[in-house]
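Please build the complete structure, drawing on both the sequences and the hints.
Chain order of the listed sequences is A and B. Quick note: the first sequence uses our numbering, first residue 1, plus one each step. Quick note: the second sequence uses our numbering, first residue 1, plus one each step.
Honestly, I wouldn't trust all of these hints.
No distinction is drawn between identical chains; accordingly, a pair holds when it is met within one copy or between any pair of copies.
Claimed, not checked - 25 Å max Cα-Cα, derived DSS-like pairs, lysine-lysine: (1) Lys-347 to Lys-359; (2) Lys-43 to Lys-453; (3) Lys-474 to Lys-243; (4) Lys-347 to Lys-243; (5) Lys-359 to Lys-43; (6) Lys-243 to Lys-106; (7) Lys-106 to Lys-347; (8) Lys-359 to Lys-453; (9) Lys-341 to Lys-359; (10) Lys-106 to Lys-43; (11) Lys-43 to Lys-341; (12) Lys-243 to Lys-453; (13) Lys-474 to Lys-43; (14) Lys-243 to Lys-43.
If you're looking for bench data, these hints aren't it; they were derived computationally from the structure.
Protein chains: 2
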Amino acid sequence: MTSTGQVWTRPLPSGVGAQAMERALEAFSAALGAERVLTDEAKLREFRDPFQHASSDDYTASAVVMPTTVQEIQAIVRIANETSVPLWTHGQGRNNGYGGPAPRVKGSVIVSLRNMNRVLEVNEELGYAVVEPGVRWFDLYEAIEARGGRLMLSIADLGWGSVVGNTLEHGGTYLPYGLDFQMQCGMEVVLATGEVMRTGMGAMPGNRAWHCYKRGLGPTPDQLFMQSNFGIVTKMGIWLMPKPEVYMPLWLRVWNDDDLAPLVDTLRVLMLDDTIRMVPQIMSPILLGAVFSRREQWYTGAGPMPDEAVERMARGLDTGRWMMRFALYGDEAVVDHRFAKVEAAFKRAIPNCELWGTKYTPEQFATIQNPSERVQAGVPNLDLNAMTAWYGGEEGGHIGFSPIAPLTGRDAVAVRDLLRSMVEEAGLDYIAGLMPLTTRSFVHVTMVIFDTKDERQVRTAYDVARRLVREAAKRGYGEYRAHLDFMDLASDQYSFNHHAYRRFNETIKDALDPNGILSPGKQGIWPRHLRNGRA
Amino acid sequence: MTSTGQVWTRPLPSGVGAQAMERALEAFSAALGAERVLTDEAKLREFRDPFQHASSDDYTASAVVMPTTVQEIQAIVRIANETSVPLWTHGQGRNNGYGGPAPRVKGSVIVSLRNMNRVLEVNEELGYAVVEPGVRWFDLYEAIEARGGRLMLSIADLGWGSVVGNTLEHGGTYLPYGLDFQMQCGMEVVLATGEVMRTGMGAMPGNRAWHCYKRGLGPTPDQLFMQSNFGIVTKMGIWLMPKPEVYMPLWLRVWNDDDLAPLVDTLRVLMLDDTIRMVPQIMSPILLGAVFSRREQWYTGAGPMPDEAVERMARGLDTGRWMMRFALYGDEAVVDHRFAKVEAAFKRAIPNCELWGTKYTPEQFATIQNPSERVQAGVPNLDLNAMTAWYGGEEGGHIGFSPIAPLTGRDAVAVRDLLRSMVEEAGLDYIAGLMPLTTRSFVHVTMVIFDTKDERQVRTAYDVARRLVREAAKRGYGEYRAHLDFMDLASDQYSFNHHAYRRFNETIKDALDPNGILSPGKQGIWPRHLRNGRA
Numbered sequence: 001m002t003s004t005g006q007v008w009t010r011p012l013p014s015g016v017g018a019q020a021m022e023r024a025l026e027a028f029s030a031a032l033g034a035e036r037v038l039t040d041e042a043k044l045r046e047f048r049d050p051f052q053h054a055s056s057d058d059y060t061a062s063a064v065v066m067p068t069t070v071q072e073i074q075a076i077v078r079i080a081n082e083t084s085v086p087l088w089t090h091g092q093g094r095n096n097g098y099g100g101p102a103p104r105v106k107g108s109v110i111v112s113l114r115n116m117n118r119v120l121e122v123n124e125e126l127g128y129a130v131v132e133p134g135v136r137w138f139d140l141y142e143a144i145e146a147r148g149g150r151l152m153l154s155i156a157d158l159g160w161g162s163v164v165g166n167t168l169e170h171g172g173t174y175l176p177y178g179l180d181f182q183m184q185c186g187m188e189v190v191l192a193t194g195e196v197m198r199t200g201m202g203a204m205p206g207n208r209a210w211h212c213y214k215r216g217l218g219p220t221p222d223q224l225f226m227q228s229n230f231g232i233v234t235k236m237g238i239w240l241m242p243k244p245e246v247y248m249p250l251w252l253r254v255w256n257d258d259d260l261a262p263l264v265d266t267l268r269v270l271m272l273d274d275t276i277r278m279v280p281q282i283m284s285p286i287l288l289g290a291v292f293s294r295r296e297q298w299y300t301g302a303g304p305m306p307d308e309a310v311e312r313m314a315r316g317l318d319t320g321r322w323m324m325r326f327a328l329y330g331d332e333a334v335v336d337h338r339f340a341k342v343e344a345a346f347k348r349a350i351p352n353c354e355l356w357g358t359k360y361t362p363e364q365f366a367t368i369q370n371p372s373e374r375v376q377a378g379v380p381n382l383d384l385n386a387m388t389a390w391y392g393g394e395e396g397g398h399i400g401f402s403p404i405a406p407l408t409g410r411d412a413v414a415v416r417d418l419l420r421s422m423v424e425e426a427g428l429d430y431i432a433g434l435m436p437l438t439t440r441s442f443v444h445v446t447m448v449i450f451d452t453k454d455e456r457q458v459r460t461a462y463d464v465a466r467r468l469v470r471e472a473a474k475r476g477y478g479e480y481r482a483h484l485d486f487m488d489l490a491s492d493q494y495s496f497n498h499h500a501y502r503r504f505n506e507t508i509k510d511a512l513d514p515n516g517i518l519s520p521g522k523q524g525i526w527p528r529h530l531r532n533g534r535a
Numbered sequence: 001m002t003s004t005g006q007v008w009t010r011p012l013p014s015g016v017g018a019q020a021m022e023r024a025l026e027a028f029s030a031a032l033g034a035e036r037v038l039t040d041e042a043k044l045r046e047f048r049d050p051f052q053h054a055s056s057d058d059y060t061a062s063a064v065v066m067p068t069t070v071q072e073i074q075a076i077v078r079i080a081n082e083t084s085v086p087l088w089t090h091g092q093g094r095n096n097g098y099g100g101p102a103p104r105v106k107g108s109v110i111v112s113l114r115n116m117n118r119v120l121e122v123n124e125e126l127g128y129a130v131v132e133p134g135v136r137w138f139d140l141y142e143a144i145e146a147r148g149g150r151l152m153l154s155i156a157d158l159g160w161g162s163v164v165g166n167t168l169e170h171g172g173t174y175l176p177y178g179l180d181f182q183m184q185c186g187m188e189v190v191l192a193t194g195e196v197m198r199t200g201m202g203a204m205p206g207n208r209a210w211h212c213y214k215r216g217l218g219p220t221p222d223q224l225f226m227q228s229n230f231g232i233v234t235k236m237g238i239w240l241m242p243k244p245e246v247y248m249p250l251w252l253r254v255w256n257d258d259d260l261a262p263l264v265d266t267l268r269v270l271m272l273d274d275t276i277r278m279v280p281q282i283m284s285p286i287l288l289g290a291v292f293s294r295r296e297q298w299y300t301g302a303g304p305m306p307d308e309a310v311e312r313m314a315r316g317l318d319t320g321r322w323m324m325r326f327a328l329y330g331d332e333a334v335v336d337h338r339f340a341k342v343e344a345a346f347k348r349a350i351p352n353c354e355l356w357g358t359k360y361t362p363e364q365f366a367t368i369q370n371p372s373e374r375v376q377a378g379v380p381n382l383d384l385n386a387m388t389a390w391y392g393g394e395e396g397g398h399i400g401f402s403p404i405a406p407l408t409g410r411d412a413v414a415v416r417d418l419l420r421s422m423v424e425e426a427g428l429d430y431i432a433g434l435m436p437l438t439t440r441s442f443v444h445v446t447m448v449i450f451d452t453k454d455e456r457q458v459r460t461a462y463d464v465a466r467r468l469v470r471e472a473a474k475r476g477y478g479e480y481r482a483h484l485d486f487m488d489l490a491s492d493q494y495s496f497n498h499h500a501y502r503r504f505n506e507t508i509k510d511a512l513d514p515n516g517i518l519s520p521g522k523q524g525i526w527p528r529h530l531r532n533g534r535a
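In C-alpha cells form, the structure reads like this:
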C-alpha cells in the first residue's frame, strides 16, 4: 500500500520478470545491506523527474541502490549481469530540465552515488582535486577552503549538483576553467564486466602524473564515458585554478532586442584575443524576470507575453533586453587594462549599452551577495533555482532545450528568432540564455517553463520541445544534451552517413556491455536487445 | 634487381601469402592508378625509419599507397579487408625518434596521406582551419597568411610534420594553444569497415558548429583515434589564435645544474596563475650543444662527456646548465606587466639567473631570425633538425625516450638523475629537454643520439632505451609516446588491474576492426589474430 492508499506495483523493465527482479533486489541487499536498497514508493518518489507531470509514470525506477565503495559498485554490476536488470547511474541526479535522476527505461534500478562523496585529494601545489562521484560543488568548495583555500573551482549555477555528474553530462561551469572542458584529468571507471579500469597515466600502477597530464600511452577513453553508458565513473581528477589577485564580476545591459548581434560579435573578438577568459551568460529579459518576479505582475492575458509587456518588465526590473554576466580575473593591473578595453569595445559597438562591475580580492569572495557574482567567484549557492514558478503554480517545471551554435551575431539572432517564434506559437513565453558561452560557440538554452500541475500546459511544452529539436536541426543547430523524453529524437538528428556515429556507439556498446545492463537508452545508445523497439 | 644489384624480396606480413599480396597490389593499382602504388625498393627506402641501422630490415613495408581522396581510402580499406593485408597510415611520416613512417608489422602496406594535403577552410571570424591529413605546418602557415594573415597556428619545432599526424600522436606544439591539447575540434574518420564517420557536431548533416564546439550529443570519440589504430582520420578542425599585439620571446639561463628545481617550481607558479601561457622548453646543455657544435670540439675521450667538459661547453656556447625558451603574448601593457613579474619571480628564486627577450609586432614575425623564436611565433622552419650529427657521423639518429612527470622541481631532478645515470652508464651522453612542458606536467625527452652507421652504438642506444622504459615506470614515470621498437614494452608498463586498459582497447579493436587490418601493433594494441605473439 502506498501513502495515498493505492496499491503500488513495482515497474519491471521490459524482458525482466518479477522473479528475476526479486532475486536482484535480494542480492543487492546482501551486498550493500538492506537499508541501502530503497524499494518503497515514497522513497522512490524522490528519484523521479521533479518536473514531470504528477500523473505520469514514465521513467519510473523499480528501486534505488546506494553503494559507498567501488567494490559495492562491482557487486551491483555483477548482479545486474546475472539477472539482466538494467541500471541507471547518477552522482547527485540534479539533472533538472533533462529528466532529473529518472531512468530512460522504466523499471531500471537507479545506482545513486550520492553517498559516495569523499574528496580524496586536494593538491594545492599542482592545482587539482580528486573526487568521488557523489561530491557536490558545495562539498568540493568546502574541502578546498578547509585545505588551504588558495585554489578555486569552476562551478555550475546550482551548488547541489555533482562535480562528476555535471562533467559526465558535458555540463557547463562559469570560471576560466569552464572554457572548453578544460577541467577533467584522469578517471577510474567500473566497466560493464565489473572490472576497474584507470585512464590516462593512471593505467600505470603508481604513476605520479595521473591527474597532471590529460592523456596516457595509447588512445584516451575519458570522453567515451561522458553522455554515454559505457561504464560507471568512480573517481575523477579535476583541475583547480589559483585564486587571482582580483576578481571583477561585470554586467553588460543593452536595451534593443537586436543589440544581441553586435553584443555577440564584440564578445567573440574579446574572447578570441584572451581579454575575456571565462564563460559568460547572456540572458533574455524573461529569464531574469522569472528569477525576480512572477508573470502576473506584468501580464495576465492569454498566449505568450507580448513584446510591449516584455519591454515594460525589462524597464521595471532593469534587466534590459539582454543582460550579460561575465568577469575578469587576474592581477589588478591586468584586470584594469582589460576592463578599459572591454568598455571601449562595447561602447563602440553599442553606444547606449551599460557596463558596470566591482573588484574583489580573494578574502572577500565568500561575502559577495549577488548569486551570479558568487557563482563566478566559485562560491556555490542555490539562489538561481527560483525561476520555474514563473507561471504562478507552486510546482513549476522546465524542459531544457539546448542547441549549439557558432558564436556569431548572425547565428545568435537566427536561433533566437527560430526558437522564439516556435515557443510563442505554442502559447508559451520565450525564456532563454546563451549559456554556457565559450570562445567559438554557445548553447542557446531555451527554458520551456510550465506548471507541472497543469496537464495541458505540460503536454504543450513537451510537444513544442519535440518540434524544436527537429526544426533547429534542419537549420544546422543540434542539441548538446537531451531530455529523457527527446533523447532518441535528438540522437536521430545526428544522422550523417546513415547514422554512422550512432552505429559506431552501438558497436562499442555491444562490445563493452554485451548484456546491455548499463543505462540503456542513454543519449540514444541502446544495447542490441532493445534496439529494435527504438525506431 | 635493386639499385645495388641484389635481388630484393618483398617482405610479407605474417599470415599473408605472396598471392594475396599480389592481389592486393593489383587492386590498389586499379583503384588509385599504378603510379600511386609504390613497390620498388628504391622508392620504399624513403619510408623506412631514417634512424634505423643501415643493415636492419625490421619494420620494412611491402608497398606504399598514396591516395588523394576519402573514396580512395575507403577502397584501400576494402581491399585490405578482402586480402588481410595490414595497413599502416601516416600524414607525413615525420615521426622521427619514434620510428619515422615505418610500420610496426613488417610487410604492412603504408597508406601515405602526403598527397592529401588541402587546407579546406580558414575561418578568420571564428578562428579555425580544417585540414586534410597531409597538410604540413608549412602548408597551413602559408594558407593562413594567404587568407588574411590575422591568425596564428601553434606549431611544432620542425615545419615538415603533418598537423593531423602530430595531433594524432599527442605531439607537442609551443604557442598558447599548445597547452593541454586545446586545438583539435571535429574530425572525419574512415573506419575499418570502410565507412565514413564524422565526430562531434559533424555527426549532424549540415551542422554549423562542427569546428566550433568540441563535443556532440553522446560520447566524444575524437581522442579514441589518437595513438591508436581504430580509424583513418581524413579531415580535422584545428583552432587558431588571433595574432597578439605583441609577442615577446624570452630566454632564461641558469648556471648550476641544480637550479633546475627552483626554475621548475617558479615556472609552475607563473603558469598556474596564467602569467606564462604557452609551452616552454627547458634544454640541457648538450641538447643545445648538439645544435650549435660537434662533440669533438669539447671532448674526444671515451665514454660519456664528463661534467667538466659539459661545463666548459656550457660556458663556451653560453648555453648555461639549463636554458629555457618561452614567450609572452598579448597587449603590450599586459606583456610589460608580465615580463616584470616573471623577472622578479626568477631573480628571487635564482639570483644569478639571466633573462632576456625582445618584443615583436605581427608584421615582424616572419623576419625573426632565431629558429626557436620563429617557432614560438608560429613561423615554421627546419633549423632545429641539426642536432643528430653530435657524434660526428654523417648519418646521426636518435631515439626519443619521453616519460611524463608532474611539474615540480623534485620530479624534474629525480627524472634527470635517473635518466642521466642510466644513459651515462651505457657510455652515451645525456641530451635532454623538458618539452613539451605544460601547466602541471612535462615530458622529459631524452634524445638517445647515435651514429646510424655504428652498429655497436646503435645497439647500445636501443638497449639503454629499453632499460629506461622499465626503470622510469618503476618510479611512476610513463612514456607519453613510444618508439616502434618499444611500443609493446612501454604499453606493458600500463598494467593497472591486470592490464585492464589494454584489454579495454583490445575489446574496442576487435569490435571496430575484426580483421585487424588497421595499423596492427600501434602503441601496443594488437588485433586478436596477432595478440598471442606479442607477449
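Right, here's what the structure says about each hint:
1. For the homomeric pair Lys-347 and Lys-359, the shortest alpha-carbon distance inside one copy (20 Å) is at most 25 Å, but the shortest distance between copies (30 Å) is not.
2. Taking CA atoms no more than 25 Å apart as the test, Lys-43 paired with Lys-453 passes inside one copy only; the shortest distance there is 21 Å, against 76 Å between copies.
3. Taking the closest pair of Cα atoms, Lys-474 and Lys-243 never come within 25 Å of each other, the shortest separation being 43 Å inside a single copy and 35 Å across copies.
4. Proximity of Lys-347 to Lys-243 under the C-alpha cut-off of 25 Å is restricted to the inter-copy arrangement: shortest distance 23 Å between copies versus 30 Å within a copy.
5. Taking the shortest Cα distances, Lys-359 and Lys-43 never come within 25 Å of each other, neither inside one copy (46 Å) nor across copies (66 Å).
6. Neither within a single protomer nor between protomers do Lys-243 and Lys-106 lie at most 25 Å apart by alpha-carbon distance, with minima of 45 Å and 54 Å respectively.
7. In this assembly of identical chains, Lys-106 and Lys-347 lie within 25 Å of each other by CA distance neither inside one copy nor across copies; the values are 54 Å within and 65 Å between.
8. In this assembly of identical chains, the alpha carbons of Lys-359 and Lys-453 never lie at most 25 Å apart, being 44 Å within a copy and 65 Å across copies at closest.
9. Taking the shortest Cα distances, Lys-341 and Lys-359 sit within 25 Å of each other both inside one copy (16 Å) and across copies (21 Å).
10. In this assembly of identical chains, Lys-106 and Lys-43 lie within 25 Å of each other by CA distance solely inside one copy; the values are 16 Å within and 62 Å between copies.
11. Proximity of Lys-43 to Lys-341 under the C-alpha cut-off of 25 Å is found in neither arrangement, the shortest distances being 54 Å within a copy and 57 Å between copies.
12. Proximity of Lys-243 to Lys-453 under the C-alpha cut-off of 25 Å is found in neither arrangement, the shortest distances being 45 Å within a copy and 55 Å between copies.
13. With identical chains, the CA atoms of Lys-474 and Lys-43 are never at most 25 Å apart, being 42 Å at best within one copy and 49 Å at best between copies.
14. Proximity of Lys-243 and Lys-43 under a CA criterion of 25 Å is satisfied in neither setting, with 41 Å inside one chain copy and 58 Å between copies.
Violation of the numbered hints given earlier is confined to hints 3, 5, 6, 7, 8, 11, 12, 13 and 14; the remaining hints are satisfied by the structure.
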